[in-house]
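Chemist: For the protein sequence lines, the chains are A and B, in the order given.
So that you can map any letter, position 148 of the first sequence is 148 in this note's numbering, and since no number is skipped, the others follow by simple counting.
So that you can map any letter, position 193 of the second sequence is 193 in this note's numbering, and since no number is skipped, the others follow by simple counting.
Treat the hints with care, as some may be off.
Below are the DSBU-like pairs computed for lysine-lysine, each with C-alpha atoms no more than 30 angstroms apart in a straight line [to be verified]:
#, chain 1, residue 1, chain 2, residue 2
1, B, K100, A, K191
2, B, K191, A, K96
3, B, K191, B, K100
Footprint (simulated), chain B over chain A, 3 or more residues, beta carbon under 8 angstroms [stated by the list, open to error]:
#, segment
4, 58 to 68
5, 159 to 170
Label-pair distances were calculated between CB atoms; the ranges are [as the list claims (entries may be wrong)]:
#, chain 1, residue 1, chain 2, residue 2, range
6, A, K124, B, K193, 51 to 59 angstroms
7, A, K96, B, F199, 56 to 64 angstroms
8, B, E83, A, Y187, 48 to 56 angstroms
9, A, S198, B, Q118, 33 to 41 angstroms
10, B, E142, A, Q118, 34 to 42 angstroms
11, B, S90, A, D146, 43 to 51 angstroms
12, B, I121, A, S90, 13 to 21 angstroms
13, A, E43, B, Q105, 42 to 50 angstroms
14, B, D61, A, T32, 34 to 42 angstroms
No lab work stands behind these hints, which were simulated from the structure alone.
By construction, the Cβ of each residue, glycine as well, lies at the ideal position given by its N, Cα and C atoms.
2 protein chains.
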Amino acid sequence: MFISDKKIILGSGSPRRKELFSILCKEHKILTTDKEKDIDQSEPISFVQENAFIKAAAVLDDLKGVNDALIFGFDTVVSLDNEVLGKPKSREDAKKMLQKLSNNQHLVSTGYCILNSQKEIVLKSCDISYVHFGLISEPLIEWYLDQNEYADKAGSYGIQGEARIFIKKINGCYYNVMGLPVSKMFYEMEKLKEFTLSF
Amino acid sequence: MFISDKKIILGSGSPRRKELFSILCKEHKILTTDKEKDIDQSEPISFVQENAFIKAAAVLDDLKGVNDALIFGFDTVVSLDNEVLGKPKSREDAKKMLQKLSNNQHLVSTGYCILNSQKEIVLKSCDISYVHFGLISEPLIEWYLDQNEYADKAGSYGIQGEARIFIKKINGCYYNVMGLPVSKMFYEMEKLKEFTLSF
Numbered sequence: 001m002f003i004s005d006k007k008i009i010l011g012s013g014s015p016r017r018k019e020l021f022s023i024l025c026k027e028h029k030i031l032t033t034d035k036e037k038d039i040d041q042s043e044p045i046s047f048v049q050e051n052a053f054i055k056a057a058a059v060l061d062d063l064k065g066v067n068d069a070l071i072f073g074f075d076t077v078v079s080l081d082n083e084v085l086g087k088p089k090s091r092e093d094a095k096k097m098l099q100k101l102s103n104n105q106h107l108v109s110t111g112y113c114i115l116n117s118q119k120e121i122v123l124k125s126c127d128i129s130y131v132h133f134g135l136i137s138e139p140l141i142e143w144y145l146d147q148n149e150y151a152d153k154a155g156s157y158g159i160q161g162e163a164r165i166f167i168k169k170i171n172g173c174y175y176n177v178m179g180l181p182v183s184k185m186f187y188e189m190e191k192l193k194e195f196t197l198s199f
Numbered sequence: 001m002f003i004s005d006k007k008i009i010l011g012s013g014s015p016r017r018k019e020l021f022s023i024l025c026k027e028h029k030i031l032t033t034d035k036e037k038d039i040d041q042s043e044p045i046s047f048v049q050e051n052a053f054i055k056a057a058a059v060l061d062d063l064k065g066v067n068d069a070l071i072f073g074f075d076t077v078v079s080l081d082n083e084v085l086g087k088p089k090s091r092e093d094a095k096k097m098l099q100k101l102s103n104n105q106h107l108v109s110t111g112y113c114i115l116n117s118q119k120e121i122v123l124k125s126c127d128i129s130y131v132h133f134g135l136i137s138e139p140l141i142e143w144y145l146d147q148n149e150y151a152d153k154a155g156s157y158g159i160q161g162e163a164r165i166f167i168k169k170i171n172g173c174y175y176n177v178m179g180l181p182v183s184k185m186f187y188e189m190e191k192l193k194e195f196t197l198s199f
């Protein structure tokens, strides 16, 4: 668990990120923004880092002249053969995404960026995980859509929910797929002068 | 979700397995046994399948003449360089295991066996996952031991708890590491005449 003499601000409204972030830093304020770039189909790894920066910077702008703060921005995308699959616009859209992911391996990239009050980058990095789905048959897809877990999730699924049935394996960090690569961030934050470990 | 015209019996007392098993089969009775083989250091993959069989068979023996039942047995072990790490006997024992696992990759094997009332094997198989830990420093180990999550867990850790901080990546099924490879079992059970899928 990290502590800091600065205010720690989580720039994400995701309840999953909030829970995972609490493993790293106990005390924090949550502020969110809608700002992000249009999806650049070809480069998810640089794109998520840039979006994490944009989100953290937008939260900082909203704070108007805050001092001694550290703002965390995040962005997660699912991509398949260089096509980025965002959040579904409808059930039909979610169904099309799940059909693409069925019996296939896709990439989940989470970018993260920590800014200080001067909008200087304290840390900007990303983690990637490969996720392998089994065959999602037509009745299984319809059943999954009925669970209403697809909404507001990149790629139309949540790894921690009912999708467990068709997630055959992952190669990488499980929590990265949930939207916050806890372990990679822990080892990177350990090296930063802005944080002190408290056990 | 599978249904069956037979009684479904989960032969495991693990609360994690109970939760994961409910994804596969809703209606089931839980019965447990203490029976298992001594650990064979050299062959975890065959050993966990044999132990899963022994546990299911012991539950069946206790039932004395039950008809039309399907009994599920499971066994999970953690192994490192062919040394099997069982459940820790003490905090000191847990500490030694975590020191071995620190900054290293280990193997988690879960064997499973489904028996019918005639003690015939309906399914016997196993799933394996590789888990890579980051460096667990002395204060991090002591902090983790203070969380009291090590007891009753193969390898002295639970993947779903505070160990998240030092689990850098996994290669394989996350739920296999929790003790029940939901997805692999789902696709294998789909092919069995004993079960019908109900969505």
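Chemist: If a hint holds in the structure, say so; if it doesn't, say that too.
Modeler: So, going through the hints one by one against the coordinates:
1. B:K100 with A:K191: Holds - the C-alpha atoms of A:K191 and B:K100 are around 23 angstroms apart, at most 30 angstroms.
2. B:K191 with A:K96: 26 angstroms, holds
3. B:K191 with B:K100: 40 angstroms, violated
4. 58 to 68: violated (count 0)
5. 159 to 170: Coverage by chain B holds for the segment 159 to 170 of chain A (9 residues, Cβ < 8 angstroms).
6. A:K124 with B:K193: 51 to 59 angstroms: Roughly 54 angstroms apart at Cβ, these two residues keep to the hinted range, so it holds.
7. A:K96 with B:F199: 56 to 64 angstroms: For A:K96 and B:F199 the Cβ distance comes to about 20 angstroms; the hint is violated.
8. B:E83 with A:Y187: 48 to 56 angstroms: Between B:E83 and A:Y187, where Cβ atoms are some 26 angstroms apart, the hint is violated.
9. A:S198 with B:Q118: 33 to 41 angstroms: 58 angstroms, violated
10. B:E142 with A:Q118: 34 to 42 angstroms: 37 angstroms, holds
11. B:S90 with A:D146: 43 to 51 angstroms: 48 angstroms, holds
12. B:I121 with A:S90: 13 to 21 angstroms: Since B:I121 and A:S90 have Cβ atoms about 46 angstroms apart, the given range 13 to 21 angstroms is violated.
13. A:E43 with B:Q105: 42 to 50 angstroms: 30 angstroms, violated
14. B:D61 with A:T32: 34 to 42 angstroms: 57 angstroms, violated
In this structure, the earlier hints numbered 3, 4, 7, 8, 9, 12, 13, 14 are contradicted, and the remaining ones agree with it.
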